[in-house]
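Enquirer: Chains A and B supply the protein sequences, listed in that same order. Here the working numbering is used: the first residue of the first sequence is 1, the next is one more, and so on. Here the working numbering is used: the first residue of the second sequence is 1, the next is one more, and so on.
Hints are computed from structural coordinates only; laboratory data are not their basis. Treat the hints with care, since some could be wrong.
Because identical chains cannot be distinguished in the list, a pair is counted as satisfied if it fits within a single copy or across any two copies.
[Unchecked claim] In silico EDC-like pairs for lysine to aspartate or glutamate, Cα to Cα no more than 20 Å straight-line:
#, residue 1, residue 2
1, Lys59, Asp46
2, Lys77, Asp46
3, Lys59, Asp25
4, Lys57, Glu85
5, Lys12, Glu28
6, Lys59, Glu18
7, Lys12, Asp46
8, Lys10, Asp36
9, Lys59, Asp36
10, Lys59, Glu47
11, Lys10, Glu28
12, Lys10, Glu85
13, Lys12, Asp48
Note that the structure is predicted; figures quoted are calculated from it, not measured.
Each chain, written out:
2 protein chains.
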Amino acid sequence: MRFGYIGSMKVKPGHRAEVAAALVDGSEGLRAAGCDLYVVTESATDEDTIWVTEVWKSKEHHDASLQLPEVAAAISKMMPLLTGEFTQQQTRVLGGLGL
Amino acid sequence: MRFGYIGSMKVKPGHRAEVAAALVDGSEGLRAAGCDLYVVTESATDEDTIWVTEVWKSKEHHDASLQLPEVAAAISKMMPLLTGEFTQQQTRVLGGLGL
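So here's chain A without its partners, still in its complex pose:
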């Protein structure tokens, strides 16, 4: 069963658009690493929060992606723009529309 991830990150004031754009730009490159879906959204009620929903072929694909040089570089570039407040849910993907 495919692995899912729903996470939020809080961005330092004024940096949300920049971080979100970087996440969108990087998402296409995740396909080769086993990512099937990577939805970047901004909270409609909290101006400093980004929500991401991901679907991966397996948890192993997801975990391995974090070690990719381009992903690690993107994360370390982004980190100074984040407050360090994260939430995360790990899920099993059952199906639905548009997958």
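We have chain A already, so just place chain B on it with the hints.
Expert: Here is chain B on its own, set in the frame of chain A:
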């Protein structure tokens, strides 16, 4: 910008598979109502929780879908199987992979 919704619902013990299957089965029918993505997942850490990520053409499409007879019927059929504990995040969809 497209409207996003990330929500969780808690199911009475033993009923998660039944509720999740009903959500998956109903998702294809949402396309005509303006839904582009409807991902049904089960928590990997809490055996009674379902997480759903949705993308709609607009918030108005989402809100109107709740009034559709088949959606209203599905919700009222499902309600007795839920504990009443929900979370929800309304978002604006910025882009990503697989959308």
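Enquirer: Hint by hint, say whether it matches the structure.
Expert: Hint-by-hint comparison with the structure:
no. : hint             : in the structure
1   : Lys59 with Asp46 : between (29 Å within a copy, 17 Å between copies)
2   : Lys77 with Asp46 : neither (23 Å within a copy, 33 Å between copies)
3   : Lys59 with Asp25 : neither (22 Å within a copy, 25 Å between copies)
4   : Lys57 with Glu85 : neither (27 Å within a copy, 30 Å between copies)
5   : Lys12 with Glu28 : neither (25 Å within a copy, 38 Å between copies)
6   : Lys59 with Glu18 : neither (28 Å within a copy, 24 Å between copies)
7   : Lys12 with Asp46 : within (12 Å within a copy, 31 Å between copies)
8   : Lys10 with Asp36 : neither (24 Å within a copy, 26 Å between copies)
9   : Lys59 with Asp36 : within (12 Å within a copy, 25 Å between copies)
10  : Lys59 with Glu47 : between (30 Å within a copy, 18 Å between copies)
11  : Lys10 with Glu28 : neither (23 Å within a copy, 33 Å between copies)
12  : Lys10 with Glu85 : within (5 Å within a copy, 24 Å between copies)
13  : Lys12 with Asp48 : within (7 Å within a copy, 34 Å between copies)
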